[in-house]
Amino acid sequence: SQTIHQWPATLVQPVGSPLSLECTVEGTSNPNLYWYRQAAGRGLQLLFYSIGIGQISSEVPQNLSASRPQDRQFILSSKTLLLSDSGFYLCAWSGGMSQDYTFGSGTRLTVV
Amino acid sequence: QKEVEQNSGPLSVPEGAIASLNCTYSDRVSQSFFWYRQYSGKSPELIMSIYSNGDKEDGRFTAQLNKASQYVSLLIRDSQPSDSATYLCAVFSGSARQLTFGSGTQLTVLP
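Residue numbers (my numbering), protein chains in the order written: chain A, -7 to 104; chain B, -19 to 91.
Just to be clear, a hint being listed does not mean it is correct.
FRET-style restraints, in silico, Cβ to Cβ [to be verified]: (1) Gly8/A - Arg40/B: 30 to 36 angstroms; (2) Tyr31/B - Gln47/A: 40 to 46 angstroms; (3) Gln60/B - Ser(-7)/A: 24 to 30 angstroms.
If you want the ones that stay clear, here's a sample from chain B, every Cβ over 10 angstroms from chain A, calculated [what the hints assert, rightly or not]: (4) Arg8; (5) Ser12; (6) Lys22; (7) Ser23; (8) Leu26; (9) Ser29; (10) Arg40; (11) Gln44; (12) Arg57; (13) Ser62; (14) Phe72; (15) Gln78.
Just some of the chain A residues that point at chain B, by a computed CB distance under 10 angstroms [as the list claims (entries may be wrong)]: (16) His(-3); (17) Trp(-1); (18) Leu3; (19) Thr20; (20) Asn24; (21) Tyr28; (22) Gln30; (23) Leu39; (24) Phe80; (25) Ser90; (26) Gly96; (27) Ser97; (28) Val104.
Everything labelled a hint here was simulated from the structure, so no lab data went into it.
Glycine included, each C-beta is placed from N, C-alpha and C at the ideal position.
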């Protein structure tokens, strides 16, 4: 069966520090991968999606970037965090015959 | 105009009642429709999917789809306090080839 791993679960970072969040999927190949952010009490905001290695589409211009160095690995990064980057970051995957997304457990990021 | 719209709530129902959650979408070529449940502080989990007009039942949950009206709903029968969560409607857009999520409806089931 397919599983998605996301870490860390929580993170507190100072303003101006870098960020690296990692997501990996097991049990499938060539998944579509997604990064979402959810502010407190708000809906899901799609940040990036990827249909293959090295193929990244950005939905919202900001100081975040994403990379997909391997087929089942998706990384969200920032060189310099802002207070407004605080939120709940979710990785998701889709693929095969199903059009639904499966989410990882999320990373709660607090920028202080 | 938002592509997928939901009443944000909060929606409160007493335990044992039927909770009705509604969602409308704008893309007429949408193909697949999903309901996710998100507990506070947790990630969304898929609870229902529906692909054709009509009703689909799974335990206490019933999803209803009306493509002509561009409307999808989720009914929760015999609501329990454990059903208290935010429910996200998601629509697979035929044009964008992606899931588009509504902003969610917060449901509280009162014991």
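Each hint tested on the structure:
1. Gly8/A - Arg40/B: 30 to 36 angstroms: This hint is violated: roughly 49 angstroms between Cβ atoms.
2. Tyr31/B - Gln47/A: 40 to 46 angstroms: violated, 28 angstroms
3. Gln60/B - Ser(-7)/A: 24 to 30 angstroms: holds, 28 angstroms
4. Arg8: holds, 17 angstroms
5. Ser12: violated, 5 angstroms
6. Lys22: violated, 7 angstroms
7. Ser23: Non-interface label fails for Ser23/B: nearest chain A Cβ at 4 angstroms, not farther than 10 angstroms.
8. Leu26: Per Cβ check, Leu26/B is inside 10 angstroms of chain A; nearest 5 angstroms; violated.
9. Ser29: violated, 6 angstroms
10. Arg40: holds, 20 angstroms
11. Gln44: Correct as stated: the minimum Cβ-Cβ distance to chain A is 18 angstroms, above 10 angstroms.
12. Arg57: At roughly 23 angstroms from the nearest Cβ of chain A, Arg57/B sits farther out than 10 angstroms, so the non-interface label holds.
13. Ser62: Correct as stated: the minimum Cβ-Cβ distance to chain A is 19 angstroms, above 10 angstroms.
14. Phe72: At roughly 4 angstroms from the nearest Cβ of chain A, Phe72/B sits no farther out than 10 angstroms, so the non-interface label is violated.
15. Gln78: The assertion about Gln78/B is violated, with a minimum of 7 angstroms to chain A.
16. His(-3): violated, 12 angstroms
17. Trp(-1): violated, 13 angstroms
18. Leu3: With Cβ-Cβ at 15 angstroms, over 10 angstroms, it is violated.
19. Thr20: Constraint on Thr20/A not satisfied, violated at 16 angstroms.
20. Asn24: holds, 9 angstroms
21. Tyr28: Because about 8 angstroms separates Tyr28/A from the closest Cβ in chain B, which is inside the 10 angstroms limit, the hint holds.
22. Gln30: holds, 9 angstroms
23. Leu39: Where the cut-off is 10 angstroms and the nearest Cβ of chain B is about 13 angstroms from Leu39/A, the hint is violated.
24. Phe80: Check passed: Cβ of Phe80/A comes within 8 angstroms of chain B, closer than 10 angstroms.
25. Ser90: holds, 8 angstroms
26. Gly96: holds, 6 angstroms
27. Ser97: With Cβ-Cβ at 6 angstroms, under 10 angstroms, it holds.
28. Val104: Check failed: Cβ of Val104/A comes no nearer than 19 angstroms to chain B, outside 10 angstroms.
In this structure, the earlier hints numbered 1, 2, 5, 6, 7, 8, 9, 14, 15, 16, 17, 18, 19, 23, 28 are contradicted, and the remaining ones agree with it.
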